[in-house]
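From first to last, the protein sequence lines are chains A and B.
Note that my numbering has the first sequence beginning at 1, numbered continuously upward.
Note that my numbering has the second sequence beginning at 358, numbered continuously upward.
Just so you know, these hints were derived from the structure itself, not from any lab.
Do not rely on the hints blindly, as some may be mistaken.
[Stated by the list, open to error] Quick partial rundown of chain A residues pointing at chain B, CB under 8 Å, derived from the structure:
| id | residue |
| --- | --- |
| 1 | Trp-86 |
| 2 | Trp-107 |
| 3 | Arg-226 |
| 4 | Leu-227 |
| 5 | Asp-230 |
| 6 | Arg-236 |
| 7 | Arg-320 |
[Unchecked claim] What follows is a set of in silico ranges between Cβ atoms, one per label pair, in the way DEER data are often shown:
| id | chain 1 | residue 1 | chain 2 | residue 2 | range |
| --- | --- | --- | --- | --- | --- |
| 8 | B | Gly-776 | A | Leu-348 | 50 to 56 Å |
| 9 | A | Arg-347 | B | Thr-866 | 51 to 57 Å |
| 10 | B | Gly-473 | A | Arg-347 | 29 to 35 Å |
| 11 | B | Gly-776 | A | Arg-347 | 20 to 26 Å |
| 12 | A | Val-144 | B | Gly-390 | 54 to 60 Å |
| 13 | B | Gly-411 | A | Gly-331 | 55 to 61 Å |
| 14 | A | Gly-110 | B | Thr-748 | 54 to 60 Å |
| 15 | A | Leu-348 | B | Phe-469 | 27 to 33 Å |
| 16 | A | Gly-275 | B | Arg-520 | 51 to 57 Å |
| 17 | B | Gly-776 | A | Leu-334 | 35 to 41 Å |
| 18 | B | Ala-750 | A | Ser-30 | 49 to 55 Å |
| 19 | B | Gly-557 | A | Leu-334 | 56 to 62 Å |
| 20 | B | Pro-758 | A | Gly-174 | 52 to 58 Å |
| 21 | B | Ala-852 | A | Arg-347 | 21 to 27 Å |
Glycine included, every Cβ here is placed at the ideal spot set by N, Cα and C.
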Amino acid sequence: MPLVLERRADAGGWALLLSPLLAVALTLASSLVIFWFLGQDPWRALRVYFLLPLSDSWGLQEVAVKATPLVLIAVGLALCFRSGNWNIGAEGQFLIGAICGGGVAVWSHGAGGPWVLPLMLVAGALGGMLYALIPAVLKTRLRVNEILVSLMLVYVAEFLLDWLVRGPWRDPMGFNMPQTVTFARDATLPLLFEGGRMNLGSVIALVVVVAAALVMARTLKGFEIRLVGDAPRAARFAGFSDRRLTITVFAVSGALAGLAGVLEAAGTVRQLLPGFSPAYGFTAIIVAFLGRLNPVGCLVAGLFIAITFIGGENAQIILRLPRDMTLVFQGLLLFYILACDTLVLYRLRPAPRRSTA
Amino acid sequence: MSRAAPVAETRPVPRALESAVAREEGIALHLRGLCKSFGTARVLEDVDFSVRAGEIHALLGENGAGKSTLMNILGGIYAADSGGVEIAGRAVSINAPAQALSLGIGMVHQHFRLAGPFTARENVALAAGALPELRGRGRLEARLSEAMARTGLEVPLDRPVERLSVADRQRIEILKALSLGARILILDEPTAVLTDEEAGRLLALMRKLAEDGHAIVFITHKLREVIAAGDRVSVLRRGRMVLEGRPVAGIDAETLARAMMGEEAVARTDPGPAAPRREPGEVLLSAEALSVAADAGQGGVHAVSLSLSAGEIAGIAGVGGNGQQELAEALVGLRPMSAGRLVLKGRELSSAPVGARRDLGLRYIPSDRARFALALNAPLSHNIAAGEVRTGALGRALLSPGRLRALAARLIAAFDIAGATAGGARPVRLLSGGNAQKAVLARELDDAARLIIAHSPTRGLDVAACRHVHDRLLEAAGRGAAVLIISEDIEEIMALSDTIHVMSRGRLTSPQGPRPDRAAIGRLMLGHA
Numbered sequence: 001m002p003l004v005l006e007r008r009a010d011a012g013g014w015a016l017l018l019s020p021l022l023a024v025a026l027t028l029a030s031s032l033v034i035f036w037f038l039g040q041d042p043w044r045a046l047r048v049y050f051l052l053p054l055s056d057s058w059g060l061q062e063v064a065v066k067a068t069p070l071v072l073i074a075v076g077l078a079l080c081f082r083s084g085n086w087n088i089g090a091e092g093q094f095l096i097g098a099i100c101g102g103g104v105a106v107w108s109h110g111a112g113g114p115w116v117l118p119l120m121l122v123a124g125a126l127g128g129m130l131y132a133l134i135p136a137v138l139k140t141r142l143r144v145n146e147i148l149v150s151l152m153l154v155y156v157a158e159f160l161l162d163w164l165v166r167g168p169w170r171d172p173m174g175f176n177m178p179q180t181v182t183f184a185r186d187a188t189l190p191l192l193f194e195g196g197r198m199n200l201g202s203v204i205a206l207v208v209v210v211a212a213a214l215v216m217a218r219t220l221k222g223f224e225i226r227l228v229g230d231a232p233r234a235a236r237f238a239g240f241s242d243r244r245l246t247i248t249v250f251a252v253s254g255a256l257a258g259l260a261g262v263l264e265a266a267g268t269v270r271q272l273l274p275g276f277s278p279a280y281g282f283t284a285i286i287v288a289f290l291g292r293l294n295p296v297g298c299l300v301a302g303l304f305i306a307i308t309f310i311g312g313e314n315a316q317i318i319l320r321l322p323r324d325m326t327l328v329f330q331g332l333l334l335f336y337i338l339a340c341d342t343l344v345l346y347r348l349r350p351a352p353r354r355s356t357a
Numbered sequence: 358m359s360r361a362a363p364v365a366e367t368r369p370v371p372r373a374l375e376s377a378v379a380r381e382e383g384i385a386l387h388l389r390g391l392c393k394s395f396g397t398a399r400v401l402e403d404v405d406f407s408v409r410a411g412e413i414h415a416l417l418g419e420n421g422a423g424k425s426t427l428m429n430i431l432g433g434i435y436a437a438d439s440g441g442v443e444i445a446g447r448a449v450s451i452n453a454p455a456q457a458l459s460l461g462i463g464m465v466h467q468h469f470r471l472a473g474p475f476t477a478r479e480n481v482a483l484a485a486g487a488l489p490e491l492r493g494r495g496r497l498e499a500r501l502s503e504a505m506a507r508t509g510l511e512v513p514l515d516r517p518v519e520r521l522s523v524a525d526r527q528r529i530e531i532l533k534a535l536s537l538g539a540r541i542l543i544l545d546e547p548t549a550v551l552t553d554e555e556a557g558r559l560l561a562l563m564r565k566l567a568e569d570g571h572a573i574v575f576i577t578h579k580l581r582e583v584i585a586a587g588d589r590v591s592v593l594r595r596g597r598m599v600l601e602g603r604p605v606a607g608i609d610a611e612t613l614a615r616a617m618m619g620e621e622a623v624a625r626t627d628p629g630p631a632a633p634r635r636e637p638g639e640v641l642l643s644a645e646a647l648s649v650a651a652d653a654g655q656g657g658v659h660a661v662s663l664s665l666s667a668g669e670i671a672g673i674a675g676v677g678g679n680g681q682q683e684l685a686e687a688l689v690g691l692r693p694m695s696a697g698r699l700v701l702k703g704r705e706l707s708s709a710p711v712g713a714r715r716d717l718g719l720r721y722i723p724s725d726r727a728r729f730a731l732a733l734n735a736p737l738s739h740n741i742a743a744g745e746v747r748t749g750a751l752g753r754a755l756l757s758p759g760r761l762r763a764l765a766a767r768l769i770a771a772f773d774i775a776g777a778t779a780g781g782a783r784p785v786r787l788l789s790g791g792n793a794q795k796a797v798l799a800r801e802l803d804d805a806a807r808l809i810i811a812h813s814p815t816r817g818l819d820v821a822a823c824r825h826v827h828d829r830l831l832e833a834a835g836r837g838a839a840v841l842i843i844s845e846d847i848e849e850i851m852a853l854s855d856t857i858h859v860m861s862r863g864r865l866t867s868p869q870g871p872r873p874d875r876a877a878i879g880r881l882m883l884g885h886a
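Chain B with its partners taken away, still in its complex shape (with noise of 0.2 Å):
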């Protein structure tokens, strides 16, 4: 890579100064005045940040704050409409991935970067061919050993990633960060993914990398991992920087929420009468033994019975990737079962198409709403159409656009879908993920909802938009439906479930008692009960 001409030549006096000044410092990463637009939208208006190498800095903010914005700056992905990046006190730009990885910029996206049907070695090789002076195995070798050693991560080097839950995915991104040279480290909403026990295991280790001198950035949602793990804390609200680098030792999870949301919202989210208990009704799902071959990379469902009734809402926690996903495709359909019985409002539908489990009622909110519940590009009032256009309610062979544009603005009104046109027209890829969600929770909790499913529902998701989606998941509870949510998310389960069950290498298990607690809860999804 070639050289450009000294920066500081060209600069004004007192940058300069200032930036001897950070390298007095230690300051491992400063931005100053970042702006960008996409279009009209200004996603980043003046954005400064800084982080000094040693130092675990927290970046809050709500969905559509701009962090992904920003760290796909830092990452060589977009480029600045305006403003500078300084890296241990100089100036740079950094216009492509491999760029970023030179600088010592490493990132652990919240969707991990790696190729699938290949193993943690040949992804780290992979991300190193950018970097000429790692070419050659042996060098690279070194290095993986290396940051293994130093972080005490032990992951299996040799098999598929696909294979590898995603707390080991979590960890070979780690550590290919860390091979690649990575001094300054981001990582983006790292906890999401996790559970309670590897996150706290997580925040352990990004101590660990601090103290060794590493800069870490920590993207989260969750203020108590803030105040648990963090030096310093920034607040992104509409993409300007509201708090800046303030010392996390003097300041309170209540001035952070206001900060991530502003005023109004704070009062908003103030937890309202607890939910009036719901009497359970008439059996709505019973599943016996119900059981999902294994295929590649994935586990499968071993004979889970589980039984569901109008009103109730049950939980089943677990740390992902242990057949939540084959159970809920199977429940909805999506996946044929290989073994047990399903019946749904006392109709056997063991081997029945999506659609006759739709028409009684059944609803699914995914996990993974880009790819299973929206099609990106088409109009929001076609995706919030989607499931009420098989009924014929909106034109039997000939559509009307009046009914639709029409079940679009009373569905945007009623789940207050921010980033909308008032008939749907925009495309849903345009809508933040929060309002993604919304727009899933507008089609599938309709009032033909009988049986919803809900898996990971609030993934990704600021503390508003979580809030909003657990009460609506609890209305509908309320108007006699059946809600099953999964979740890796114990709080969330503890917080809206009757019945709690938890998953464990594709058995269900319950565990005792009415209430059992979290301790309880968590040997059985280790499977140690």
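If we strip away everything but chain A, and leave its shape as in the complex, we get (with noise of 0.2 Å):
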């Protein structure tokens, strides 16, 4: 039987809540198949993929600190992107901080105090924002893509990041490694738990969370950003002025992805080396979207992607299964909520009886 899609009159906002809980169900579901094809227990490999991560206090803290940069990065892009710009750069934003507040660390080092951490997390967002402004002032002066230009510039940072830790900031003790020192105890993140590595930059994250859930649902800059997003032309003659708000969302975002970066650099990793992020800029523009460009969506699903990061590693452990399978996850998820999506806003239904004349 043929079928059209329809366009609904009245899709609800319950429905566009829905569609990605019903995408991460069908993702469950398609996984047990995957798994029994590969010859393994469907339950056993969904309990390594999806409960274990959750089972201790080693594991929650994991996927705390996997989803603290995702999720700071995704909040900024949550805004960039309802406002209609096209900050795809995260990544090179997230470099730049991390060498920016990495740079202080390595500057300071053996000759630290009490302000080294505050300096670094400045230095990282501030470098951050600064090269999310060079796409955003490029875009708003001489209407070059943005897309294009941030993107370009993530290759710029990592070759950046390359340079620094096999030349001027290399670790004289490091036996040629291209990375840095250690970072020194007064410019690394206090660890909230013991026997674990989540630090204090996932309350940050939950704090900006907060903060950006606030901006967008009650203030005015949060009106404007979905104003203009929604309606560039009406929100330029209702008097916003489209140009500021880019630089404002870039920088922002950019800040955010900073921050992200140095929080890594000083939390987790404590020292800088080439393929310092697993793509964390890139993987946060699907937490953004299964967020639906909201904040507090963003935090849930940075959680869940956290989690098949996580899984991820478990399941190569235990179940010898390849890295792959987390990317595969994420892109059923991602095709899963696509559809979903569609079918909250189109109804299909039987074609009429076809008879041509």
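Quick one: dock chain against chain with the hints and give me the complex.
Have a look at this one:
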């Protein structure tokens, strides 16, 4: 029977919330089938993937450690995307944040004090912000496409990091390894609990989520972001300046990505080295959309994606499944969320009986 | 395309008989019991409608009456929930626009469906892609030149469509439909975008096509045109056919208006007492030699000087595409001026941003509300608040949801916006055209409005909604605001304006005398004065 897609006139708010949940459920269901094909006991595999990370303090803390940068970056991207600005270069801003903050740590090594950590955080956020302003200013002044510029600046940041850790910032006692010194105590974030790696960064991420949710829901700036994103012309003629908003949202998302970078450097890795980021800045794009471009949604989505990362590590160790399974999950999830969104906005109906004159 | 089993076999006998009768009478298109709902809203209820070959059948209805839905079903864009469509007596189902084309249904939409950067020839070829029998350039060319010869329409075929006037684009739409073999031609408010003279020419063309044996469905709001051009008329009100296929000869405007709006509405739209003459006050706006540079496809504005006083309504008449859009945008601050001076309330504002101008009381009702004035997916309350929110009246950094709702509730009541929930939480896209325009008015005609630029404020609106818009503009002028109306509708300009200007090829001219007549304005519009 042929089917047609028909736009729903009344796609409600509840349905938009339902669709990510449905997508997660479908991903889990599909993964059962995949595990079965891989010759695993599906239920055991599912436990290893999705429950084991949540079953002890170490696992939970690891999930938080992975989720922190994802959530921080995604919240900034959500504001940016909501206003119709496409910052695809959060990965670059993340690295620049780590470089600026890490630079403070390297420079103050051996001559530190309690001022080092705050200075690092400020330097990281500022660095990310300034780096994000490059595409923003080019967009507003010269109408250069921000997607291309922000994306290509990622590679610039990667090479800069590469050069720094192989050149001027290389640890003199590091057996020629391309990495900086391990940060001193006053350049690292305090851990929250014994027996894990969760640090102050996760708390900062939570605060940012709450603040961003308030900004979006209750402030003039949030109103402006939504209006400009929904109808840029209408917003312009209501007297809002879309250029200034472009600068603002790029600055905010860059600062948050930079902050995430320095938190990762000072809290989790504690030194700079190539391959420092497992592409957090790109994965955060998925998180932002999975979270419906809503700060609280980004928190939930970030935690879920973090679980698949940790679960993937568990599965490698316990089930000897390849690491690519994690990517398969993330791909499936994105696929299902797009499909569910379509079915929320449209409905399938049997096509009317075909008879052609 | 595969031929399905003969439909008549599966139908009860009386229908088949009826169809045979239909063929005899030359009924080109017959709709039976068409129903359509969107969610819980019933848009069409049991609609019957028929057109004969060789006639112009006018379809009247207010905004939101269901005309566009009906036409979209015929065009293969929507599927009906129930009911049947017959073409030349044969039951068909139309599942895609291409299918509508191959059945000989041609649509001329209110908003043209042409690809701007392509030429007329290319646009026709694009549409012909759906019809296998027209593949190959030679055949299509032949059809196109035949259609041009038959209709006597002359349009530039090799210039990008976006550089052509609205009237030319409409002609291309008509030629396109005819070249693709349309026998049933549906024109959705075709005169809304035309000047009086162009509209007259279009009506003559429609008559000619009807005499050629085409079936013409003419959707309109204008009673005058129905009586002038229609053979039969049907009236749709709130999704029901309240008047079906009555000969125009035996009907008067009064009856039609009543059918269209219902009894009570007619009483309300009777012309009230003439607006009291307003004494012009201080000069609020003065533009001196304002120019806007021409850019791709647009002619720009040349040295326009204009002055507007408090309480005055000035009208700018003219055929669309003569610089009106550019002038309006330059006044509002959405487009830079290339030369000249703009003074608002004694302040030089030639390069001030929109926000600064709004703070001085400048308001704008753009001609294309869906694209320029409204965020369609945002709630009505946000759309209404978009103007005032910057002033801090709804909370400075932190917005107050309570005040937002209260503002929406007050304005929904004051401007009588139908289809809205009390707090204005539903998105604007669910409103009909007239009610969406009311939402724009509600936002723009606030108490702080001092200078209002209204560009085609009633385009595409029904009689009652037009009346509403005009009343509000008069009210605003009565409160001491200056109003500039830019419109292609001479009636509208003449009915409302204290002073009248005419825009032609980017220049502004003013006819002689305090109350110029239509002929004088018409001559200026064509640039012959």
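Status of the hints after comparison with the structure:
{"no.": "1", "hint": "Trp-86", "result": "violated (19 Å)"}
{"no.": "2", "hint": "Trp-107", "result": "violated (37 Å)"}
{"no.": "3", "hint": "Arg-226", "result": "holds (7 Å)"}
{"no.": "4", "hint": "Leu-227", "result": "holds (6 Å)"}
{"no.": "5", "hint": "Asp-230", "result": "holds (4 Å)"}
{"no.": "6", "hint": "Arg-236", "result": "holds (6 Å)"}
{"no.": "7", "hint": "Arg-320", "result": "violated (48 Å)"}
{"no.": "8", "hint": "B:Gly-776 to A:Leu-348: 50 to 56 Å", "result": "violated (27 Å)"}
{"no.": "9", "hint": "A:Arg-347 to B:Thr-866: 51 to 57 Å", "result": "holds (55 Å)"}
{"no.": "10", "hint": "B:Gly-473 to A:Arg-347: 29 to 35 Å", "result": "holds (32 Å)"}
{"no.": "11", "hint": "B:Gly-776 to A:Arg-347: 20 to 26 Å", "result": "holds (22 Å)"}
{"no.": "12", "hint": "A:Val-144 to B:Gly-390: 54 to 60 Å", "result": "holds (57 Å)"}
{"no.": "13", "hint": "B:Gly-411 to A:Gly-331: 55 to 61 Å", "result": "holds (60 Å)"}
{"no.": "14", "hint": "A:Gly-110 to B:Thr-748: 54 to 60 Å", "result": "holds (56 Å)"}
{"no.": "15", "hint": "A:Leu-348 to B:Phe-469: 27 to 33 Å", "result": "holds (31 Å)"}
{"no.": "16", "hint": "A:Gly-275 to B:Arg-520: 51 to 57 Å", "result": "holds (54 Å)"}
{"no.": "17", "hint": "B:Gly-776 to A:Leu-334: 35 to 41 Å", "result": "holds (37 Å)"}
{"no.": "18", "hint": "B:Ala-750 to A:Ser-30: 49 to 55 Å", "result": "holds (52 Å)"}
{"no.": "19", "hint": "B:Gly-557 to A:Leu-334: 56 to 62 Å", "result": "holds (57 Å)"}
{"no.": "20", "hint": "B:Pro-758 to A:Gly-174: 52 to 58 Å", "result": "holds (56 Å)"}
{"no.": "21", "hint": "B:Ala-852 to A:Arg-347: 21 to 27 Å", "result": "violated (46 Å)"}
Of the hints listed earlier, those the structure fails to meet are numbers 1, 2, 7, 8 and 21, in rising order.
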